[in-house]
Every structure is written in C-alpha cells, then in structure tokens.
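For the record, the sequence lines run as chains V, F and B. For the first sequence, this note's numbering assigns the number 1 to the initial residue and increments by one for each residue that follows. For the second sequence, this note's numbering assigns the number 1 to the initial residue and increments by one for each residue that follows. For the third sequence, this note's numbering assigns the number 1 to the initial residue and increments by one for each residue that follows.
Bear in mind the hints are in silico, worked out from the structure with no lab data behind them. The C-beta atom is built at its ideal place from N, Cα and C for all residues, glycine as well. Accuracy of the hints is not assured; some may be wrong.
[Unchecked claim] Straight-line alpha carbon distances no greater than 20 angstroms define the calculated PhoX-like cross-link-like pairs of lysine-lysine that follow: (1) F:230 x V:68; (2) V:63 x F:194; (3) B:154 x B:346; (4) F:308 x V:68; (5) B:352 x B:402; (6) V:63 x F:351; (7) F:221 x F:10; (8) F:77 x B:135; (9) V:53 x V:68; (10) V:53 x F:135; (11) B:6 x B:56; (12) V:113 x V:56; (13) F:308 x V:102; (14) V:22 x V:56; (15) B:312 x F:77; (16) V:53 x F:351; (17) V:63 x F:349; (18) F:135 x F:10; (19) F:77 x F:90; (20) F:94 x F:107.
[Said to hold, decoys possible] Chain F regions said to be covered by chain V (calculated; three or more residues, Cβ under 8 angstroms): (21) 301 to 309; (22) 338 to 348.
[What the hints assert, rightly or not] Residues on chain V that point at chain F, a partial pick, calculated with CB under 10 angstroms: (23) 39; (24) 44; (25) 45; (26) 47; (27) 50; (28) 62; (29) 66; (30) 70; (31) 82; (32) 84; (33) 86; (34) 89; (35) 90; (36) 92; (37) 109; (38) 112.
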Amino acid sequence: MEMHGYNMPEDLYYEENHFWVKEEGDLLVMGMDDFAQAMAGEIVYVQLPEDGKSIKLGKKFAKIESGKWLGKVFAPVNGEIDSVNEELETNPGLINDDCYGKGWMYRIRPDDKGEMENLIHGREAIEKWLLADIEKYAQE
Amino acid sequence: MASKYAFEEKYREQILKCSRCGFCQAVCPVFGATLRPALNARGKMLLLKEVMDGKLDLNDELIETLFQCTTCANCFKNCPSGVEVPEIIKWVRKDMVRAGSCHPAFKGMNEVLDRHTNIYAEDEPEDFERERNRKAAYVYFIGCVGSYREDASTLATLALLDRLGVDYTLIDEVCCSGVLEDVGFAIKDHLARKNMDLILDTEARTVITGCPYCSRTFNNKPQYAELREKGIAVIHLTRFLQKFDFGVTTDKRVTYHDPCDLGRHCGIYEEPRNTIRKIAPNFVEMPDNRENALCCGAGGGVRGAYAKNSIAMARRRLDQAEAIGADIILTECNSCVHNLANAKLRRQKFKIYNTTEFINELMEEAE
Amino acid sequence: MDEKLKQELIGIVGQENLADGLIDRVSFSYDASEHSHRPEGGVWPETAEQVSEIMKLAGREKIPVIPRGAGTGLSGMAVPIEGGIVLDLSRMNRIIRISIEDRLAIVEPGVVYSDLEKALAPYGFFFPPDPASGKVSTLGGNVATNAGGLKGAKYGTTRDYVLGLQVVLPDGRIMRTGSKAMKSVSGYDLTRLFVGSEGTLGIVTEITFKINPKPTSTSTALATFDDLADAGNAINQIMHSGIIPSALEILGRETLLAINQNTNLNLPEVDAMLLAETDGYTREETEYQLEKVTEIFRRNNAREVRKAETEKDVEDLWAARKSAYAVLARIENNFVLEDVTVPMTKIAELLKGINEISERHGIRIATFGHAGDGNLHPQILYNGYDPQQVKRMEAAGAELFKLAIGLGGTLTGEHGIGLSKAPFMTLEHDPVAMDVMRSLKKMFDPHNILNPGKMGLEV
Numbered sequence: 001m002e003m004h005g006y007n008m009p010e011d012l013y014y015e016e017n018h019f020w021v022k023e024e025g026d027l028l029v030m031g032m033d034d035f036a037q038a039m040a041g042e043i044v045y046v047q048l049p050e051d052g053k054s055i056k057l058g059k060k061f062a063k064i065e066s067g068k069w070l071g072k073v074f075a076p077v078n079g080e081i082d083s084v085n086e087e088l089e090t091n092p093g094l095i096n097d098d099c100y101g102k103g104w105m106y107r108i109r110p111d112d113k114g115e116m117e118n119l120i121h122g123r124e125a126i127e128k129w130l131l132a133d134i135e136k137y138a139q140e
Numbered sequence: 001m002a003s004k005y006a007f008e009e010k011y012r013e014q015i016l017k018c019s020r021c022g023f024c025q026a027v028c029p030v031f032g033a034t035l036r037p038a039l040n041a042r043g044k045m046l047l048l049k050e051v052m053d054g055k056l057d058l059n060d061e062l063i064e065t066l067f068q069c070t071t072c073a074n075c076f077k078n079c080p081s082g083v084e085v086p087e088i089i090k091w092v093r094k095d096m097v098r099a100g101s102c103h104p105a106f107k108g109m110n111e112v113l114d115r116h117t118n119i120y121a122e123d124e125p126e127d128f129e130r131e132r133n134r135k136a137a138y139v140y141f142i143g144c145v146g147s148y149r150e151d152a153s154t155l156a157t158l159a160l161l162d163r164l165g166v167d168y169t170l171i172d173e174v175c176c177s178g179v180l181e182d183v184g185f186a187i188k189d190h191l192a193r194k195n196m197d198l199i200l201d202t203e204a205r206t207v208i209t210g211c212p213y214c215s216r217t218f219n220n221k222p223q224y225a226e227l228r229e230k231g232i233a234v235i236h237l238t239r240f241l242q243k244f245d246f247g248v249t250t251d252k253r254v255t256y257h258d259p260c261d262l263g264r265h266c267g268i269y270e271e272p273r274n275t276i277r278k279i280a281p282n283f284v285e286m287p288d289n290r291e292n293a294l295c296c297g298a299g300g301g302v303r304g305a306y307a308k309n310s311i312a313m314a315r316r317r318l319d320q321a322e323a324i325g326a327d328i329i330l331t332e333c334n335s336c337v338h339n340l341a342n343a344k345l346r347r348q349k350f351k352i353y354n355t356t357e358f359i360n361e362l363m364e365e366a367e
Numbered sequence: 001m002d003e004k005l006k007q008e009l010i011g012i013v014g015q016e017n018l019a020d021g022l023i024d025r026v027s028f029s030y031d032a033s034e035h036s037h038r039p040e041g042g043v044w045p046e047t048a049e050q051v052s053e054i055m056k057l058a059g060r061e062k063i064p065v066i067p068r069g070a071g072t073g074l075s076g077m078a079v080p081i082e083g084g085i086v087l088d089l090s091r092m093n094r095i096i097r098i099s100i101e102d103r104l105a106i107v108e109p110g111v112v113y114s115d116l117e118k119a120l121a122p123y124g125f126f127f128p129p130d131p132a133s134g135k136v137s138t139l140g141g142n143v144a145t146n147a148g149g150l151k152g153a154k155y156g157t158t159r160d161y162v163l164g165l166q167v168v169l170p171d172g173r174i175m176r177t178g179s180k181a182m183k184s185v186s187g188y189d190l191t192r193l194f195v196g197s198e199g200t201l202g203i204v205t206e207i208t209f210k211i212n213p214k215p216t217s218t219s220t221a222l223a224t225f226d227d228l229a230d231a232g233n234a235i236n237q238i239m240h241s242g243i244i245p246s247a248l249e250i251l252g253r254e255t256l257l258a259i260n261q262n263t264n265l266n267l268p269e270v271d272a273m274l275l276a277e278t279d280g281y282t283r284e285e286t287e288y289q290l291e292k293v294t295e296i297f298r299r300n301n302a303r304e305v306r307k308a309e310t311e312k313d314v315e316d317l318w319a320a321r322k323s324a325y326a327v328l329a330r331i332e333n334n335f336v337l338e339d340v341t342v343p344m345t346k347i348a349e350l351l352k353g354i355n356e357i358s359e360r361h362g363i364r365i366a367t368f369g370h371a372g373d374g375n376l377h378p379q380i381l382y383n384g385y386d387p388q389q390v391k392r393m394e395a396a397g398a399e400l401f402k403l404a405i406g407l408g409g410t411l412t413g414e415h416g417i418g419l420s421k422a423p424f425m426t427l428e429h430d431p432v433a434m435d436v437m438r439s440l441k442k443m444f445d446p447h448n449i450l451n452p453g454k455m456g457l458e459v
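With the rest of the complex left out, here is chain V:
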C-alpha cells in the first residue's frame, strides 16, 4: 500500500527498525520493509543464523549490510529461528527487488504469537511512524 512514496502493506506488523512480520501458520515470517531497503541501497550481505538459534525480544540477532551501511536486525518477539531464506546467501539483492516476497529473510517459531500485538500495526500507526522516520532521515 503506497504511503508517501514507499510501499508499506497495511496488513503487516512492523518492528520499529523497519522490519515487517506476518503470520504463516504457527510461524512468523520476517523481512525488511520498502523504506529501509530504499534507504540502505543495494544489500550485499545478510547474516543468516543457524536454524534453532534462540532469539530474545529486542535483542540483535543478525547483521545486514549494504555498500555504505551496517544494520542490526532485532528480534520482534521471543522465540527461535525456524529457517532462513538461503537464496539471500548468493543473492542478497532479492531484498531490494522484492522485499515482501522473494526477499523474505527469516522464519521464526515464536514462544507467544501474542507478542506480535506490540508491533506497529494498522494504517494510522504505520503512517505516523513512517512519516516521523522520513523526516528523521531527511535531516541526516
């Protein structure tokens, strides 16, 4: 759903560092959103942790790099990594090409799916947050 020049689907849940989350059966799928991939430029490296690695809400569990930027990926919920998108190993640019589809990053087995409700969700909330970040980054 187009929002101020960026595609930010309304039905997704967003972690404040610009990663989206959605339910898929028992699991959650996570990826980078359009705003972040546009800001970052061409992604050249995505850290893909081992399956089964446990992740703690709010803590960094992976790194992601573009030519000029190093980003941290923070866990949106408590849980463990179920699987990762191995295509990103040799084609990290998928995140730029199709960040909501082929560029998905991690599948997470959450301890409690309910934790998703703490993420940014719903058109109004998403828009407010996005605008604030657009402004913030425009200043840098």
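For this one, chain V is given, so just place chains F and B on it according to the hints.
Just chains F and B now, with coordinates in the frame of chain V:
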C-alpha cells in the same frame, strides 16, 4: 610534448612496457571472479595506452575498471615486464578525480571524512569498555573496520592484550585516511593532525595497530612524518606478539590467509605463522600463500564500491581453505576478516578469526 | 552495438553475459599480438546451444563472430579485425570428467591449462604440451592454435592429444568428431582439421583429451657456448644420443642479458645457453639420460655444463625461460615475436641467419626457443613510435620468413598464422594448397562470418 595527464608523465615508460602477455590474468582476483578482460590489469593498461595515444580521454566510462582494483599487486609481482599496475592505478585515479570522473562511493568517502571521524560516517564508536587517552607505554590504534564493523574481533584483541598485561591505551582515534590516497584523493591533514596529537599526548613510544593498512599509512606517508621524527614506532600487532607465549593450544586444522597489506606490501609472512604455530601444531597452508596469496577482494576500496564482486573474490579464497579441509582460517587484518566472513556460506563450517581473537577464545576456554 | 542485435543476444546469453561498453570493447580489441581492432561488443556463452544460437543469429545478420579464449594468442587470431562480436569462452570452464582408466579428460574450452594440470596431478597424470602461457591460456585456445610448448620434442603438441571434439559450425549446427577410444580411423579425421584452425572453421565447445601418466623424476642441466654454431651442432647431435630429452631449450645472448636484469638468477651472459631436462621414473634413469645429453654438450665445446641441484633452482630456470618474451619486452616499447621452425639439421644455419639479418637491418633480435624440435623464437625489439625502426622491423621479419622457408621450414611452429603471418602464406604453401584451404573455409563458412580476415585466405 607535455602530457595531458599526470599519470602519463610519471608512468608512460612502464605502461608501454606492458607486452600484452596476459600473464596477470592468472593472479588478478577481479579477473578471477568475473572473467572479464576489461577488469584485468592488462585490460587497464591497454586502456591507458589508448588514452596516452590520444584515442580516449579519461572519463566516466572508465570508472568501472579504473576504480575496481584491490591494489593487491599480485599482477605486478607476476609481471615479466615489471609493470607496477597498482601504483599506476592510484595515480590515474587522481587524474580521473581531477577530470571529474570518480566512483560515487569514493567521492562520498572523501566528503564523509571532511565531516566525520571515520569512513562509515558513524558518530558513535563502541567504547570497548576501556579508557581512552590516558598515559601509557603503548597506544593501540584500532582502525575504522575494527571499530565499526568487526567490534567483536577488536574486543577480543583488547581482552588478549589485557591478559598479556600490556600497558596500552586507546585514543579517540580518527580515520588514518590513508585509503583516500589510493582512491584518487589525499590524506586529510586535520585527521592526521588529530591522530598525531592524541598519540603524542599519551607519551607512548610505540603505537600498535591491528590494521596493516593503518600501519603502512603511519609508517610511509609524509603526513605522519612527525611521528617518525619524534621516534614513535608504529608496528603491526603481529610483530608485537612475537615475544609472547600463550600457554594454550588447539588440535584444530588451522590455516592462515596473508593479507595483501601485511604480506605483499610489507613482506611480513613469517611472524604471523610463528605465532600461529605456537598455538596450533596442526597448521596447514593454502595453495597461493605468502607472496602468492590470493587477495580477499576487500582492498583498494573495492568492498565499498563493488561489494558483489568483492564478496565473489572472497569466496574464491574460501574455496581454497575448504579444499584443504581447514577448520579455522586465521588472518591479521580486520578488512579480510570482514569480507571473508561475509562471503562464507552457511554450509561451510570453518570459522574465520583474527589471530588475536582466536588466541583469546582459546584462553577463555582454558579458564 | 545495434539495439535490436543487443536484445537478441541478451535473449540468448542473458544480460550478465553481454558487454558492449567502452572498456569491454577496448579490451576485446587486443590479444597478445601487435594487432588490435574494436568489436561491437562481447558475449560469454555458457553452453554449446547458446553458441549455436549466436552463430545462427550472426549468419542471419551477417555479423562477424570472433572466438576468444584467454586472449594470449601471439598472432592476432582473436583480434576482431572486421568488427563484430567477440565470443569469449572463458565462462565455459568446467572440467567435465576425468577418467584415468580410459586415459582421458573431457573439458570445456574455457578451462585454463594449468587448472587441468592441477586436477590431474593428484592422479599422477598430466597433459603434456606445457605451453609457456599455461597459467593463463585456455584449452580451447590451445586447440585452436595447436599449441606446442616446452615438452614438444618428446611429447608432441596439442593435436597429438585430442581424441575428439564437439564443434559448433558457422551455420550453428553442432557436431562431434573423433572418439573416446584411444584410437580411431573411422571416417575422415575431422578432429585434426579443427585443431590448429584458429577458430576459422568452427567453435570448439568440448574437448576430449588423451592424458599421460606423469614421470615422477626429472633432471635438469644447462650448458653455455661461446659460439652459436657449437650450440647448433650440439642440438643436432642430441638425436644421436639415443635418448630424447623431455625439454631442450635455447637462450641467446640478448635473452640472457634481459633475464639477468630482471631476476637474481645471474645466468652466464654467453652467445648461447642450452637448458635440457630429462624425465623418467627413477633418479638413475633421468641421470643416465642427462649424462648422454651433457656428453654431447661437452663434445661441442661447451664452456660450462652445470646441473640444477635444488627444486628451487629448477623452478627458477624454467620460470625464467617461460617469461623470456615478456622480460625482453622491457627493452623496447614494441616487439614482434616469431616462431619460425626448421628441420633439426638446419637449426645452426637458422641461428646464424637470424644474427645476420639483425646486423644487416640494424635492428635488435633476441632469440630463444624450443631447440628440441627446431622451433626458434626470434623476437624483434623496436621502438614502435619511430617509423624508421618500424620499416626495419618489417623488412627483417619478411627476411626471417624467407630464410626459414628456404631452409625447408615453416612460418609458424605453434603460434599460428592469425594476422601476423597472413601476408606470407604463399611463401610456404603452393597455389593448389591455398586453393584447397580457401575451398574448405568456404564450405564451412560460406558467408565468411566466423573469424574473417585471418590466415591470409581472403583473396
């Protein structure tokens, strides 16, 4: 006849000596990863010959090859005609910048270093939980990659220095800016001044650094002459570690990757191996080692400007480590660690460390 | 490049396997020869099918296609002299299969010679030709020029080891030649036709090589001579020694001087040095053979005969020999490297003749080469920016060819005709032979789109 470009005045003879034999293709990491003659040393020399013959001007079309060279000097080392390709490239890049044709990543880097303290434009360094700028016998100079991209490795290195009881201090260091000289620009005097002032204030007589590139910059560039004049020695960590024993060993199969900036550019091959052999009796060499080492692909600014190819080059080096069944790959350069680690595939189970990081881990396990 | 053509090519090989920017067009203009010409662009096919599609397209559009390996050819066979599309085969670089029991290796043309060597080494096998450019040249290129090398006298050249090929013809049809059997005389020997055809009759997309077990022991010696004639006689008489050395190389005075300037080898600076290697499976065997060779050196007034003792010495000597031509390139800003070859009994005369030509034309000619099979490499060194010297170089070159042909030899032992020797084809080949060659070319390539303008075949 006056040359249009500075590179021609300095290097015309050499460029003409390129006999087009193409032997550089065997060792050029960029060619190895792309198989594109335009990116090989010979391709670059052929272009420059045409520029000198007036068939071409330096312009944007040449950026892709003239700014895509890790300056690893493997070509020069193997060139039967003795063409110093990396030096020529560094001069041509300055002409390119003067002509207004520069890769945006390097133009950007030059601008960043006018306003920031490091090449990544990061404003908050890790504090590494240690005091900075105190009086000490040694200064430990981390370098940009160690500070902002490989902080785990730096933390481990500092932990090791603590264990060895070294009286060192960190400083509020800024980028040595040596890299700018190699990508068409020049060292920032204000940054050099800041580093020298900080070092002198600590009253240390020796600067130790883990970054071979910083060490070369401090030791060779005129902007840092004052340090040398005042008798301050700048040495790479690998030299410093020679006198220590660590009291730990591993039976893992360990190999060593010679960083270009420490190896071919400084001739330091045995010290790192001496240290490793103390802790890893099961040491194996990769093919293409020492002065023949295959470049990891990060140098000369290539990781910043051509990251995909840079990682492809790193993968070729990792293939060699895999082929000899290495469990651990050690090296002595944060840039190499960074690029190799990024290039490692999930199915490859070996680990990549700076030597100090690995030693520290062994010592931690022994506790 | 024409946009429509570009899109069609991208449709065949993919965007990432096509390049038509300035830097690629310039680098594809050159090989290791003195010739250059810009193509419209280059493509890197990955399969024989893609090569076939490209040839069909080229046939429809009447666009020249120039196959290229590593671009280290010394006669200009990879230079796109009439424009067109360069077909760079480097990305077809898989070693498909090695079968020690069948004594063969099947490879794609872009495999670098030394990569095959490395792959065969663990089995104790090798692919003998050993061209000096082996670290960079591709097997497809080796086949296209019938590459020789340092081991030619004892082991022959590339053609002696090609069992079969897959070839894409200029009209795009794909065919196979030869057999995986170690010998066959079934139908015409099409394999032999393509080996050495310099990419003018078809594009090789797969090669089946015969491989040999590698002798595990070698002995190396060098001998110096104050008189070129003595060296020449020594070379001749080797045939009487009862053994064939695995390598017998000659280095002339200029060459020795140049090598010394650029290495720490400190080779004696004499009129001629011979480097000999014998191989076998035991030390005794190779020493025995070497003794036969060094005896002949001594009998021919060798000033010094020295054995290479350590592995490093041996490596250094052969490395020096292999880089001779590029080292010599340091002397002047231009050079022409010839590879005239004569019957063994004429070597001494050829050596003498080269020196005479050099003196008479007032131009430096350094000589080195494969003495063991009569293949010398006179290298004419000159300042390419001085029109006088260029004239002298051309005159000296022409005389060299006349001399070699006059001695019953050939224009080229291993580098091929390409562009450099094209003007001299009729010196060596009679009109009927030239006619037959032209007819063959026309039969394979009626529209003259595959590597046109080479080998002096155009009337």
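Structure-based check of each hint:
This hinted pair does not check out: residue 230 of chain F and residue 68 of chain V have alpha carbons roughly 37 angstroms apart, beyond 20 angstroms. Of the pairs offered as hints, the one joining residue 63 of chain V and residue 194 of chain F is violated, with about 31 angstroms between alpha carbons and a cut-off of 20 angstroms exceeded. A threshold of 20 angstroms between alpha carbons decides the hint, and for residue 154 of chain B with residue 346 of chain B the separation of about 19 angstroms falls inside it, so the pair holds. Pair hint residue 308 of chain F plus residue 68 of chain V holds up; C-alpha atoms about 13 angstroms apart against a cutoff of 20 angstroms.
For the hint linking residue 352 of chain B to residue 402 of chain B, the alpha-carbon distance of about 14 angstroms falls within 20 angstroms, and the restraint holds. A distance of roughly 17 angstroms separates the Cα atoms of residue 63 of chain V and residue 351 of chain F; the hinted pair therefore holds under the 20 angstroms criterion. Under the criterion of a C-alpha separation no larger than 20 angstroms, the hint pairing residue 221 of chain F with residue 10 of chain F is consistent with the structure, at around 19 angstroms. About 15 angstroms separates the Cα atoms of residue 77 of chain F and residue 135 of chain B, which keeps this hinted pair within 20 angstroms; it holds.
Taken as a hint, the residue 53 of chain V and residue 68 of chain V pair is broken in the structure, with Cα atoms around 28 angstroms apart against an allowance of 20 angstroms. Proximity of residue 53 of chain V to residue 135 of chain F is assessed by CA-CA distance (about 43 angstroms); at most 20 angstroms being required, the pair is judged violated. For the hint linking residue 6 of chain B to residue 56 of chain B, the alpha-carbon distance of about 15 angstroms falls within 20 angstroms, and the restraint holds. Straight-line distance between C-alpha atoms of residue 113 of chain V and residue 56 of chain V comes to about 14 angstroms, which keeps the hinted pair within the 20 angstroms bound.
Between residue 308 of chain F and residue 102 of chain V the CA atoms are separated by roughly 19 angstroms; this keeps the pair inside 20 angstroms, and the hint holds. Restraint check for residue 22 of chain V and residue 56 of chain V: the C-alpha separation of about 18 angstroms stays at or below 20 angstroms, so the hint holds. In summary, the hint linking residue 312 of chain B to residue 77 of chain F is supported, as the alpha carbons are separated by about 18 angstroms, within the 20 angstroms threshold. Between residue 53 of chain V and residue 351 of chain F the alpha-carbon distance is near 17 angstroms, which keeps this suggested pair within the 20 angstroms criterion.
For the given pair, residue 63 of chain V sits about 19 angstroms from residue 349 of chain F by alpha-carbon distance, which is consistent with the 20 angstroms threshold. Between the alpha carbons of residue 135 of chain F and residue 10 of chain F the distance comes to roughly 44 angstroms, so the proposed pair goes past 20 angstroms and is violated. With a CA separation close to 17 angstroms, the supplied pair residue 77 of chain F and residue 90 of chain F stays within the 20 angstroms bound. For the proposed pair residue 94 of chain F and residue 107 of chain F, the alpha carbon gap of about 11 angstroms is at most 20 angstroms, so the pair holds.
Note: the stretch 301 to 309 of chain F has 4 residues with beta-carbon separation from chain V under 8 angstroms; the three-residue rule is met and the coverage holds. As drawn, the stretch 338 to 348 of chain F meets chain V at 3 residues by the rule of a beta-carbon pair under 8 angstroms; at three or more, the given contact holds. For residue 39 of chain V, the interface hint is violated, the least distance from its beta-carbon to any beta-carbon of chain F being 13 angstroms, above 10 angstroms. Given the 10 angstroms rule on beta carbons, the hint for residue 44 of chain V holds: about 4 angstroms separates it from the nearest Cβ of chain F.
Taking 10 angstroms as the C-beta contact cut-off toward chain F, the hint placing residue 45 of chain V at the interface holds, the least distance being around 4 angstroms. A least Cβ separation of about 8 angstroms between residue 47 of chain V and chain F falls short of the 10 angstroms threshold, and the interface hint therefore holds. At its closest, the beta carbon of residue 50 of chain V sits 8 angstroms from a beta carbon of chain F; the interface hint therefore holds under the 10 angstroms criterion. Taking 10 angstroms as the C-beta contact cut-off toward chain F, the hint placing residue 62 of chain V at the interface is violated, the least distance being around 12 angstroms.
Among the interface hints, the one on residue 66 of chain V holds; its C-beta lies about 8 angstroms from the nearest C-beta in chain F, closer than the 10 angstroms criterion. Against a cut-off of 10 angstroms between C-beta atoms, the interface hint on residue 70 of chain V holds, since the closest Cβ of chain F lies about 6 angstroms away. The interface hint given for residue 82 of chain V is violated, since its Cβ lies 15 angstroms from the closest Cβ of chain F, which is over the 10 angstroms cut-off. The interface hint given for residue 84 of chain V is met, as the beta carbon of that residue sits about 8 angstroms from the closest beta carbon of chain F, less than 10 angstroms.
With its C-beta approaching chain F no nearer than about 7 angstroms, residue 86 of chain V sits inside the 10 angstroms limit, and its interface hint holds. Checking residue 89 of chain V against chain F by beta carbon gives a least distance of about 6 angstroms; that is within 10 angstroms, so the hint holds. Checking residue 90 of chain V against chain F: minimum C-beta separation of about 8 angstroms stays under 10 angstroms; hint holds. At about 9 angstroms, the closest approach between the beta carbon of residue 92 of chain V and any beta carbon in chain F falls short of 10 angstroms, and the interface hint on this residue holds.
For residue 109 of chain V, the interface hint is violated, since its Cβ never comes within 10 angstroms of a Cβ in chain F; the closest pair sits about 18 angstroms apart. This hint is violated: residue 112 of chain V has a C-beta 28 angstroms from the nearest C-beta of chain F, more than the 10 angstroms allowed.
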